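Trainee: Residues 131 to 355 (this note's numbering) are what the sequence shown spells out, left to right.
It should be emphasised that the hints constitute simulated quantities derived from the structure, not laboratory data. One or more of the hints may lead you astray.
Said to hold, decoys possible - SDA-like, lysine to any residue: derived pairs with alpha carbons at most 20 Å apart: (1) K318 <-> D235; (2) K232 <-> D248; (3) K168 <-> R231; (4) K318 <-> Y157; (5) K232 <-> S192; (6) K168 <-> Y157; (7) K168 <-> E154; (8) K318 <-> R337; (9) K168 <-> F326; (10) K168 <-> E340; (11) K168 <-> L351; (12) K318 <-> D289; (13) K232 <-> T164; (14) K232 <-> A210; (15) K318 <-> A291; (16) K168 <-> R337; (17) K232 <-> Q200; (18) K318 <-> L287; (19) K232 <-> R196; (20) K232 <-> P213; (21) K168 <-> V158; (22) K168 <-> A210; (23) K318 <-> N244; (24) K232 <-> R183; (25) K318 <-> I241; (26) K168 <-> P213; (27) K318 <-> T234; (28) K232 <-> S186; (29) K232 <-> R283; (30) K168 <-> G346; (31) K318 <-> E284; (32) K232 <-> L181; (33) K232 <-> G319.
A quick note: this is a predicted structure, and the numbers were derived from the prediction, not measured.
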Amino acid sequence: MKTTRAWIALIAAAATMSACGQPEFHYVRDRDGTTYFKVPSSFSRLDASPLERLLSDDHPSSAAARLRRQQVWSAAYDQAARPAVEHLFGSRDPFVYVTVRKLTDGQRNEISLNRMRDFLLPVTEQTRTAYLMSVLRAGRAPAFSHFEPLMDRELTLGDGARGVRVRYNYRIGGEIQTFDQTVILDGKGTSLSVMFLACEATCFTRRAAEFDQIAGSFNLLRLPG
131 MKTTRAWIAL IAAAATMSAC GQPEFHYVRD RDGTTYFKVP SSFSRLDASP
181 LERLLSDDHP SSAAARLRRQ QVWSAAYDQA ARPAVEHLFG SRDPFVYVTV
231 RKLTDGQRNE ISLNRMRDFL LPVTEQTRTA YLMSVLRAGR APAFSHFEPL
281 MDRELTLGDG ARGVRVRYNY RIGGEIQTFD QTVILDGKGT SLSVMFLACE
331 ATCFTRRAAE FDQIAGSFNL LRLPG
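Modelling step: build the complete structure from the supplied sequences, incorporating the hints.
Mentor: In structure tokens:
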């Protein structure tokens with residue numbers, strides 16, 4: 131199987147590099163072994179649970195939080211000298227966030243390419259408008275403004291998997307941040323795999339090839355059976 135062979139090749143490469151010294155990459159699989167990717171070894175891995183709490187707003191002791199821990203796997207990597215999960219939404223150093231989520235029946239019925247685009251931040255015009263109206267009604271200034279679309283590509287993968295890759299800019303706190311998001315729905319429609327890359331815009335432009343290499347490693351692994 132192609133994806134299985136690809137993962138074996140990644141492990142072999144990592145073992146070779148380890149024998150010669152510091153490996154060039156962190157090679158990562160999710161908890162169930164269905165999604166894999168690599169990031170440069172210069173990145174530090176963080177505990178992603180504070181980030182999940184921030185994104186979900188669930189109380190850590192709630193039933194919703196317990197269910198989320200069962201259904202969601204996440205990893206975060208930061209290249210800053212002082213790594214922090216807050217860098218996901220604003221940093222001059224690259225940040226990588228990856229999550230794999232088991233979908234409920236209701237979520238499976240609602241999933242669409244536009245929902246994939248809007249997975250983390252408002253990307254589609256309808257969602258951006260709804261976000262702006264919501265913060266204005268609350269009497270607040272939008273935390274994310276001056277949206278600029280840079281790339282929007284639909285993905286068709288093996289075994290019926292599909293998804294999108296979008297790249298865009300937002301102004302956050304006076305700085306322009308670039309976000310690159312890949313979202314893949316597996317062929318059975320049971321899980322969503324997401325890779326979210328972030329960096330200040332000039333950083334992203336300067337290191338575009340490195341970001342493309344990280345995003346290009348993100349894939350699904352077909353397991354036997």
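Trainee: Decide, hint by hint, whether the structure agrees.
Mentor: Taking the hints in turn, this is what the structure says about them:
| no. | hint | in the structure |
| --- | --- | --- |
| 1 | K318 <-> D235 | holds (12 Å) |
| 2 | K232 <-> D248 | holds (18 Å) |
| 3 | K168 <-> R231 | holds (19 Å) |
| 4 | K318 <-> Y157 | violated (25 Å) |
| 5 | K232 <-> S192 | holds (19 Å) |
| 6 | K168 <-> Y157 | holds (5 Å) |
| 7 | K168 <-> E154 | holds (10 Å) |
| 8 | K318 <-> R337 | violated (35 Å) |
| 9 | K168 <-> F326 | holds (13 Å) |
| 10 | K168 <-> E340 | holds (11 Å) |
| 11 | K168 <-> L351 | holds (13 Å) |
| 12 | K318 <-> D289 | holds (9 Å) |
| 13 | K232 <-> T164 | holds (11 Å) |
| 14 | K232 <-> A210 | violated (30 Å) |
| 15 | K318 <-> A291 | holds (8 Å) |
| 16 | K168 <-> R337 | holds (16 Å) |
| 17 | K232 <-> Q200 | holds (9 Å) |
| 18 | K318 <-> L287 | holds (12 Å) |
| 19 | K232 <-> R196 | holds (14 Å) |
| 20 | K232 <-> P213 | violated (28 Å) |
| 21 | K168 <-> V158 | holds (6 Å) |
| 22 | K168 <-> A210 | holds (18 Å) |
| 23 | K318 <-> N244 | holds (19 Å) |
| 24 | K232 <-> R183 | holds (17 Å) |
| 25 | K318 <-> I241 | holds (12 Å) |
| 26 | K168 <-> P213 | holds (18 Å) |
| 27 | K318 <-> T234 | holds (13 Å) |
| 28 | K232 <-> S186 | holds (15 Å) |
| 29 | K232 <-> R283 | violated (24 Å) |
| 30 | K168 <-> G346 | holds (9 Å) |
| 31 | K318 <-> E284 | holds (18 Å) |
| 32 | K232 <-> L181 | holds (18 Å) |
| 33 | K232 <-> G319 | holds (9 Å) |
Of the numbered hints listed earlier, those contradicted by the structure are 4, 8, 14, 20, 29.
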